[in-house]
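The task is simple: from the sequences and hints, build the whole structure.
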Amino acid sequence: MKDTSYDLVVIGTGFASTFFLHKYLSKAPAKASVLVLEKGHFFPHMERVKERRGEKTPFATLNPDAQETYENLTPEKRWMFTQGFGGSSNCWYGCTPRFMPSDFKMKSLYGVANDWPLQYDDLDPYYSQVEDLMSISGPEMTPFPKKTRYPLPPHLFTTVDKILHNKYGNLYINQPTARASVAVNGRNACCASAVCHVCPVNAKFTIENSNMGVYEDPRVETVYGAQVFSLDFEQNKVRRANYFKDGKEYKVAGEVFALGTNAIFNSNILLNSGDTNPFTGKGLGEQVALEASVYLDNLENVGGSTWVNANGYMLYDGDHRKDSAACLMESNNAPYIRLERGKWRHLINFRMIFEDLPEARNFVAPSADRLKPAITHKGPSDYSMKGIEYMKAKLPGVLSCLPVEKIEYSPLIESEAHILGTTRMSNSAAEGVVDKHLLHHQYRNLFVLGSGSFTTFTPANPTLTLSALSMHAADKVFNSIPV
Amino acid sequence: MNRRYFLRLTGLAGAALVALPSLGFMSTSIKEAAIGVITKELHYLKLDKKGVEQFVDDYFKGHYIQSSLKTQINLKSCYYLGVDANESRLLSKLVHNYITSTDFFMNRMDESKTVKYIGINKAYKMPCYNPFSSFYYPPKVS
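Taken in sequence, the protein lines are chains A and B.
Take any residue in the first sequence, note its place counting from 1, add 33, and you have its number in this note's numbering.
Take any residue in the second sequence, note its place counting from 1, add 589, and you have its number in this note's numbering.
There are no misleading hints in this set.
With a Cα cut of at most 25 Å, we get these calculated DSS-like pairs of lysine-lysine:
| hint | chain 1 | residue 1 | chain 2 | residue 2 |
| --- | --- | --- | --- | --- |
| 1 | A | 89 | B | 650 |
| 2 | B | 682 | B | 705 |
| 3 | A | 376 | B | 705 |
| 4 | A | 195 | B | 729 |
| 5 | B | 729 | A | 376 |
| 6 | B | 711 | B | 638 |
| 7 | B | 650 | B | 638 |
| 8 | A | 64 | A | 509 |
| 9 | A | 83 | B | 650 |
| 10 | A | 376 | B | 629 |
| 11 | A | 200 | B | 729 |
| 12 | A | 376 | B | 635 |
| 13 | A | 200 | A | 427 |
| 14 | A | 439 | A | 200 |
| 15 | A | 425 | A | 355 |
| 16 | A | 89 | B | 711 |
| 17 | A | 405 | A | 284 |
| 18 | B | 635 | B | 711 |
| 19 | B | 711 | A | 376 |
| 20 | A | 509 | A | 138 |
| 21 | A | 83 | B | 711 |
| 22 | B | 714 | A | 83 |
| 23 | A | 439 | A | 195 |
| 24 | A | 355 | A | 411 |
| 25 | A | 89 | B | 714 |
| 26 | A | 439 | B | 682 |
| 27 | A | 60 | A | 469 |
| 28 | A | 376 | B | 638 |
| 29 | B | 714 | B | 639 |
| 30 | B | 682 | A | 376 |
| 31 | A | 140 | A | 419 |
| 32 | A | 376 | B | 702 |
| 33 | B | 702 | B | 682 |
It should be emphasised that the hints constitute simulated quantities derived from the structure, not laboratory data.
Structure (structure tokens):
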């Protein structure tokens, strides 16, 4: 570390930190000093592919397995993420639908939970900026309002997707995705290998292949192997971050701090630091999902060009959300089959994803080991469960344009690999932890980034929105905080 | 044939009827049972026999069946009883894995062609292998 004090100290190198830094650096003076503390290490994509091929790589042991990094008090539910430089960009599947405008107004529209303190229109320009930086592939028409075109053309529908799109128009669209539809910006085109966590052809956007120039910027110093465990608060400001590196404890001072780890570790750091906001660590959750396998009579489902070809919004918005969760459909294009002669691909698998709500019974708490948060998750809300029942009642009608033989449902899938809601966003400290700029209600030089800030848990994938929120937050740094 | 001789003969035959299949059951390897399940289930296809054997060798490497006597007995029982693959998770996974590890789907399910094993865990050894994608079913140009 070159200095003992920085203009900005960022913790973590995943989506939230990187998009925050990108916007910050675009506005910061040439002499700005930024320190990035990354708990893990760089594990290059090509080495990850080697590991998947069964070949040895010295990088494989640099970062711990995610499951070893927290104490799981309810082990039937695991939380999926990746450690190391680039965070979960190294394991995400690249699904990037925007949220719907209604997702930000759950209380005023449906009387459920709370409204977000910012609205869709506030985020719209930042959505577009993130979509450009990620080179998102997407369609002309979308169910959410959109003023700009997607940078890349959409992926191709399968034969069954086409029928559903013809029936439902912009409620059934090519999935907006960070799996490139054509080669772009050093990435290859996606070829539907269906193992997106480590893309064999490097088609998916990651922090490593982003070409955003953030970590190469001369104003930025990155320290690896540095795990922040607490912050020093003085007079409602953060003064220092405390971290372990190579078995020793260090401190670093800063003017502005941004927590950009995931929702589990962000809240653990706050709780270790003495944050007494009653919502810090509370309301941990994610979406709930199951598979619907739809057997088709003499209709072959072939021809898509990526892993998830389409998103269906037919069960998303509507009056049912007063009582039961919205459902987002994903049309899956993995090489699945039915084991019947002549009917091998007379099948379409949908992933049905349901929103959830922050529940007090699901939370992060400090443990005896400051570095290891303890997690309790006693299950999703009744609202989600009612959404599943609603979907099962309505899906046969939704699919009536297809020659459906039968629909089979899987049990609930263990995880959507999203971690949401431990530092929820609100208009005041009485209702949440951070404001609409992700600034902590009490500590006004502290941004708490990422999907922990989500007020409610829409069924849409969180990464695009959390990245847009980071840019929205960083855009306000020089207005909101005297630096 | 006197009555005593008849009883002795039928007794021996009955014992053989029980014992010989049991001996066969015991002596059949899980590899033979797996090959039998695949070839029975896909009897209407021309399977490359050596490829089936190689697949079973590859599939069982590190498979939990190697250390689970219960699963081994389950597989052999299903084979001997002629259980339909869709009735058993163990069998359906085996047959499913085999057929998706061949060129059958790349050949658009052409039953007249010999089905050849091309390898398991293809995603990283053969990127872009998804025989149902637009690379194998390109959009029609109108």
